[in-house]
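So the sequences go chain by chain: A and B.
If you use our numbering, the first sequence closes out at 230, no skipped numbers anywhere.
If you use our numbering, the second sequence closes out at 392, no skipped numbers anywhere.
One or more hints might be untrue.
Incomplete in silico selection of chain A near chain B, CB under 10 Å [stated by the list, open to error]:
id	residue
1	Arg75
2	Leu94
3	Ala102
Just so you have them, the derived chain B footprint on chain A, three or more residues with Cβ under 8 Å [what the hints assert, rightly or not]:
id	region
4	65 to 74
5	78 to 88
6	137 to 151
Read the hints as simulated data drawn from the structure, not as lab findings.
Cβ atoms here follow ideal geometry from the backbone N, Cα and C, with glycine treated the same way.
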Amino acid sequence: MSALLQVEGLKATYGASQALFGVDLEVASGEVVALMGRNGMGKTTTVKCICRLLLAEGRISFDGKDLRRLPAHRAARLGIGLVPEGRRCFADLTVQENLTAAARSGPWDMDKVGALFPRLSERKNQVARSLSGGEQQMLAIGRALMTNPRLLILDEATEGLAPLIRQEIWDAVGRLKRETGMAILIIDKSLKELTAVSDRAVILNRGRTVWNGSLDGLDPEMAHRYLGV
Amino acid sequence: MTRETLFNLAVLAGLIALPLYAHLAEEPFTITLATRAVILSLAAVGLNIALGIGGLVSLGHAVFFGIGGYAMGILAFHAQNYMPLMEAPFLIEGTKSMPMIWLVAVIASALAALVIGLLSLRTSGVYFIMITLAFGQMFYYFAISWSAYGGEDGMSIYVRNDFPGLNTLVPIQFYGLCLAALVLALGFNGALARSRFGLALNAARQVPERVRAVGLDPFRLRLVAFTISGAITGLAGALFADLNRFVSPTMFSWQLSGEFIVFIIIGGTARLFGPVVGACLFVVLEHYIGGWSDYWHIWFGLLLLVIVLFGRGGVIGLIAGKARAHG
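Using the sequences provided together with the hints, build the complete structure.
Have a look at this one:
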């Protein structure tokens, strides 16, 4: 499989403090890659750099195009859909308006998002701020899908959600993988679900890539050292 | 139909009925007062696109009002004196045709808004307020020193400009024109707020970083909104100059920019009819309380204070509840 996203030697800083020291990562078309690591190891920073929301050194290319000189909105237009940590829906807009604001032409439309998350269809005229945390997360995923991405990035999409809602989100990710062949880069702490859904994992430790391979091949000692499990 | 929509319709009915009654009762001054309210409403409806939907607190919107006013003043001045505006490299003559004047006013103010927006929208928050204020002051002092068009004293226009098929000297007919412009601007504003562009602009006000992450450029969204907003306020300026048959540097003053913001806050920020309610209240208070006391601004200030402290949704919010904007 050819790499859709290629990240090599990624380095990033927050002011004087360096957060990434050399992250290497690849996601091929149709592949689901888990980006893992303990808290503060650089997962969200890596995602922000890929989406051009944070300036970084190193090589980032998407579908062969160098992202380093592109502003965030142009990088997104190439086909990168981000579901950010903390959801952050457009609180004053309704569900339908949130989806409309992000819509770009392609196979994903309001009906398809509604089919993936029927709760959103039921609440399409409800203002986003009045939704539950789980529904806001579904809306954040739906909003990213409305941009018709080729790569969907999910940053802690199930964090802080009730078990039933988490399961709905995981089911949706599974459906996306099976039915759309969309490339997905997913950050989460649920090892069991990630093992089930992902083709491969990349583990970060202290801002560096320390593991790249199938989660089945991860030995318990490494899992304990790098993931704390 | 929501309470807000019903309230908006009642306001519109009032804006139609009251001047008609004044016309039948032969009270032309009331019609002139209503015309002033409608034109100020139009100016604030323009600002409401930038402020209400886009969250851009512009303290320089009087620039566009003034440009519209001077567009009318300059074109009419040259027409009434049979003096061309320019002879070389090509001849440009003045005009008394309202549609032509409006076109020039809208284009000139839109261009000014585009240039000012390009520079000022790189900032945000208090810096944006200050830079728009600075542009306002630049235009104000330029108008004061522009002796060819009256300088500090301003410029009187001795004729009312023409509109095909209407006698614009008849107050109710001129009022009808202004009201039509306001209704069109309100319709446009409502459609814009519900359009994908308007929703994205609204979203950019709330979480700009997320808007970038879905492939939209907040700067471009705001620039387009600011330009449209300036164009509508410019049209109001041309009408205001026609109403008074007088233009002066005060049309560029920062106090006027502040009043536009106050209209919106009093009526209800981002509410479709918020600027209309605010401007009408302002004109009514200015006339009636101003008749009792020169210090009527104190009472107006108190009203603003009460609304800011107890009614964040403005008068419309107090009456129609927390219905969503442009609903």
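Hint check:
no.: 1; hint: Arg75; result: holds, 8 Å
no.: 2; hint: Leu94; result: holds, 6 Å
no.: 3; hint: Ala102; result: holds, 4 Å
no.: 4; hint: 65 to 74; result: holds (count 3)
no.: 5; hint: 78 to 88; result: holds (count 4)
no.: 6; hint: 137 to 151; result: holds (count 4)
Checked against the numbered hints given earlier, this structure breaks none of them.
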